[in-house]
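Going down the list, the sequences are from chains E and P.
According to my numbering, the stretch in the first sequence is residues 1 to 380, in order.
According to my numbering, the stretch in the second sequence is residues 1 to 380, in order.
Certain hints may be false.
Same chains, same label: a pair holds when it works inside one copy or across any pair of copies.
What the hints assert, rightly or not - No more than 25 Å apart at the CA atoms, straight line, and that leaves these computed lysine to any residue pairs for SDA-like: (1) K88 x D339; (2) K313 x V11; (3) K313 x R7; (4) K335 x P206; (5) K271 x S93.
Source of the hints: derived by calculation from the structure; they are not laboratory data.
2 protein chains.
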Amino acid sequence: MKFTIQRDAFVQSVADVSKAISPRTTIQILTGIKIVADQDGITLTGSDSDLSIESFIPKEKDGEELVNIQEEGSIVLQARFFGDMIKKLPETSIEVAVNDQFIAQITSGGSVFNINGIDPDEYPRLPDVEEADLFRMPKNLLKTLIRQTAFAVSSVETRPILTGIHWHLEDSVLTCTATDSHRLAMRMAKVDDNENNLSFSNVVIPGKTLTELNKILNDTDELLEVVVAGNQILFKGDYFLLYSRLLEGNYPATKNMIPTGSKTSVKLETKRLLDAIERALLLSREGKNNVVHVKNLESGELEITSVTPEVGKVTEHVTTMSYEGDELKISFNGKNLIDALRVMEASEVHINFTGAMSPFVLKPIDEDHMLHLFSPVRTY
Amino acid sequence: MKFTIQRDAFVQSVADVSKAISPRTTIQILTGIKIVADQDGITLTGSDSDLSIESFIPKEKDGEELVNIQEEGSIVLQARFFGDMIKKLPETSIEVAVNDQFIAQITSGGSVFNINGIDPDEYPRLPDVEEADLFRMPKNLLKTLIRQTAFAVSSVETRPILTGIHWHLEDSVLTCTATDSHRLAMRMAKVDDNENNLSFSNVVIPGKTLTELNKILNDTDELLEVVVAGNQILFKGDYFLLYSRLLEGNYPATKNMIPTGSKTSVKLETKRLLDAIERALLLSREGKNNVVHVKNLESGELEITSVTPEVGKVTEHVTTMSYEGDELKISFNGKNLIDALRVMEASEVHINFTGAMSPFVLKPIDEDHMLHLFSPVRTY
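Next comes chain E alone, as it looks inside the complex:
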């Protein structure tokens, strides 16, 4: 194998496929990046066996030569050093040559790196995903869906299904839901480009898959293809493929958990509420539960308090835009509310409380495409 490649394109692709590689893997071959040179260009692959990312660098793009292939072939090289190494090479052009002993010689200007590689035949094959049924959505919309739900997945493995995000597609409306059983984030979006009127349910995508995908996608309205087949999902862009295993098991029926009524309805400015809760938790950084207590005042304001014994107490008064219904006295995990408020794009929010020991709902004002649900905590 021997080729010359443009540095910036190489650096970008290596960074993308590296996101699938786990530094903790015990499978030697998966610590590497597979590099394949054929007559069309260079294909890079990184994988942790559940998630695989493939990036393609064509010989030419927009009239600019990116790769010049002198000899086809393939190699697997350690990912750990590789990204850093090519980023720091002195010239914009890099030559890669591999000999029979799987030693790669990387040359650029006055720098020569001789790196021990691994036989590419040992590298696992990527899953075969049948591309019959697919829908398309803009990359920036997908990024928003991920950002507004992925934070709410469970980080503990006691119920593995909750470490994923549930996708449901019906009548060209995609509903994404994540919950750790104490809070829930739900976001819906219309999918315009769905020719075959594809629908599915109980597709649970690992949180890590979507978090890494979000890092790779650029924030444009270019369309991305999404294919669901068997226990795999495939995201397909112009020059990359991301394959991921789906989580097995039944996702809880979250729809029934969401209260429809309301005993107390409060409208607030998002930033004012967020700042107040952040300050209320400042003293409890070490605290395990991040509990804040909220009650209404006669002035129409909300009073938010948090007590950390031995350190002190914080009291915050937050102006409301409107307050309707019963008196309010509730305690909950303030950190969870902060997480949700941070991903809301709306400048004003609506909270519906249904009692001191019932879950409450946070939404943008007058919008139904997004919903956050929080369980209260019992305090005596």
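Fit chain P to the supplied structure of chain E, relying on the hints for placement.
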């Protein structure tokens, strides 16, 4: 105690004095910031008992009211939460009120923090430094002296004196030297403002003291007073004082270590050499000794190599501006050379080698105010 203070001035002073506070201290009172309100303004103090920083916020500065004192008094408050807390308060004006039980109430807009404080009488007294003999130097010059020497102090406590920086003042020339016994950094500067022709020797300032001082000083040519008295050094600016204990013991006579002759003399571009050595060490991040091997080529270039078994080998060719004298073949800790090259302001450097097993000297070309010395390592 009760006062109202302008937030930004308070935040800045708290950040400054916090730099003296050690998060690992076992002395409860030293985890706090002492706050004193008197008729002139607010004085804040932080200390780890070796290093103490005092910051003063006057009632008025440049015609702007910074503090309004309603009642004089003092308190000690936990540093850990305090900086973060006042930074996030909603209004630009902050009210601080302390009651008889040492509970401080911090109010700003709709936020009220009640913080448990400590009796200020328990706080240790700052050292008494007689301010008879002093010299003055611009803050930005002092910052440069610190930056160009402090990195070379020893980080291990086996020879405590080497964790400090040696200052020597004679004929109004200040010489700063730091060494960890494998490399040495020396920087000299003329001190213009030295009325009483002060001189001293064997003043060894803890590396931490100067590193923290560098963080506090702004990069201007305002003068700073330096007082050395007994086993203390005091740095005195317009609104702050930094006291530090000096290290006890005799600093090694470093002057005799510096070779005066030269067997091989090489001139190089700083950036080219720095980039090449950084790349040469890319594969050896895990390596303990960071050894690079340097030899001259017939072309007049230097060849720098580094081998990490199992990973690979890097070869760098560096163009020289001039090469004079004997053949060169030497091995040394490349990381140490990187540290020195990063703080050099000169774009071109001069290296004098005196043999494969003798220390070599790095200097800016045609300048004598700065010198770096490196020991080679033996490799077989």
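Status of the hints after comparison with the structure:
no., hint, in the structure
1, K88 x D339, "between (37 Å within a copy, 18 Å between copies)"
2, K313 x V11, "between (50 Å within a copy, 20 Å between copies)"
3, K313 x R7, "between (55 Å within a copy, 20 Å between copies)"
4, K335 x P206, "within (23 Å within a copy, 41 Å between copies)"
5, K271 x S93, "between (48 Å within a copy, 20 Å between copies)"
Taken one by one, the earlier hints all hold for this structure without exception.
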